[in-house]
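Participant: Can you build the whole structure from these sequences, using the hints too?
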Amino acid sequence: AERPFFPPLSHSFIIGALLVQPSTFFLLYFHFSQKPLHIDMAHGGGKKGRSAGPYITGSAVSGILEILIFHPVDTVAKRLMSNTEAIFQKGSKDNMKRLNKVLLKDAVDRSFFGKWLSLFPGVSFGAAYKVLQRTYKFGSQPLLRDYMARTWGQNYVKAFGKGNARDMQNATAGALVGIGEVFLLPLDVLKIKSQTNPEVLKGRGLVDLIVNENFKLYRGIGWTAARNCPGSFALFGANSLVYTRVFGVSGPKDAKGYQIFVGSIAGGVASIMVSSPLDVIKTRIQNKPFDDKRSGGRVFADLMKEEGPHALFKGMTPKLALIGPKLVFAFTVAQWLIVKLQNEWVKRGWEEDPEQNKNKN
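Residue numbering for the sequence shown follows the working numbering, beginning at 1 and increasing consecutively.
Worth flagging that the hints you see were computed from the coordinates, not collected in a lab. The model shown is predicted, which means the values in this text are computed figures rather than measured ones. Don't take each hint at face value.
[Said to hold, decoys possible] Computed Cβ-Cβ distance ranges for the label pairs, DEER-style:
| hint | residue 1 | residue 2 | range |
| --- | --- | --- | --- |
| 1 | Ala-86 | Ala-159 | 43 to 53 angstroms |
| 2 | Lys-347 | Thr-317 | 40 to 50 angstroms |
| 3 | Phe-88 | Phe-113 | 25 to 35 angstroms |
| 4 | Ser-295 | Val-108 | 27 to 37 angstroms |
| 5 | Glu-344 | Lys-97 | 46 to 56 angstroms |
Don't be surprised by glycine CBs; every beta carbon is placed ideally from N, CA and C.
Facilitator: Quick look at the structure:
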C-alpha cells in the first residue's frame, strides 16, 4: 500500500527540534541520516524501527485535548501559587471573598459564565505552549531512548542490570527531554503572566513582547531546567517501572487500557511531587513584572524569609488534585493513541509490524 506523505512532517519535526533543543536536533539528524523516519517504541516493541507519524500525531492530539479541558484548572493552580498573602485567616469571615479574588481577579462580580471565561487568560499562549510541549516531550522521548539504547544499551545493562536497564533508559531520556523544554520558555512565561499578572501584557502584541523583552522571556531558565529534569525523570521512570514491575509488560504496546492509565497515574504523581518545590520558584520568577531585576536566588531567599519553607509546597494539593489529572489525561491519551495509530499504520500497509518480522525471522 502507498505510504502516507510524511516528508514535510519529518522536516517540520527536525526544524522544531532545532528550535526547541539543539542536542535533540543533532540526534535527529544523526538518526535520520542512517535510516528513514522510523523509531522504536518508548517502552518496548521490536528491534526494528516504527514510523514517527503516530508519535507526533498522538502527542499533538493529547496536547490539544488537554488545553480544551484543563486550561482553567492550570489558571487556578498558577494563581494560588503566585499569591503571597494568607487567604484563610483565623476568625475572619472574608476567607471566601479573598479566595474568589485570588482565583477570579477582576471577574469576581461577573456572571457564572463570565467567571468561567476569566479562567481562560492566555489561552493562545497556553495552547501554543502545551501542544508544542506535549508533541516535543511525548514524541521525542521515544526517539532519544531508542538512540540511547542502540548506543549505550550494554552500558546500562552493566550499570543497572538487565531488569532495570529499560526503566533507566526511559527515565534518563525523559530527563534530557525535560531539560530541552526550556527553549519553549517564552511561551510558558507569557502564558503564566497572562494567567497571574495580565496587567503587564495589556496593549502589547506578541511581536512587541519578543522585540522589547527578548531574553527577559528566558528569565528563570536555570530554575526551569532544574525543575524539569527530575520531574521528567520521575514521569517516564515511574511510568516504565509500573509497566515492567507491576504488570509485567514491556510498555503501552502490550498493555491494556487500564494498565496504561495506572502507569500514567504513577508517572504523573511522581513527577508533580518531585518537581513541586522548584515549580513554585519558577512560577514566582516568571510572573514578576518585566522590570523586576531580582534573580532566582533572590526570589528564593525572599520566599524563605517572608513565607517560610512550607511556601515551597504551595499549590501541592490543587496540583495533585487538579493538575495531576491533567498530566495523567494527556499522558494516557498520548500513549493509547500512539499504539492505536501504529496498529492502524500496519493495518493499512503503511509499515510492517516489527514483531511480525521478528517472528518470521
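Participant: Does each hint hold? Answer for all of them.
Facilitator: Going through the hints against the structure:
The hinted window of 43 to 53 angstroms between Ala-86 and Ala-159 holds, with their beta carbons roughly 48 angstroms apart. The hinted window of 40 to 50 angstroms between Lys-347 and Thr-317 holds, with their beta carbons roughly 44 angstroms apart. The hinted window of 25 to 35 angstroms between Phe-88 and Phe-113 holds, with their beta carbons roughly 27 angstroms apart. At roughly 34 angstroms, the beta carbons of Ser-295 and Val-108 sit within the given window of 27 to 37 angstroms.
Checking the proposed 46 to 56 angstroms range against Glu-344 and Lys-97 shows it holds: the Cβ atoms sit about 53 angstroms from each other.
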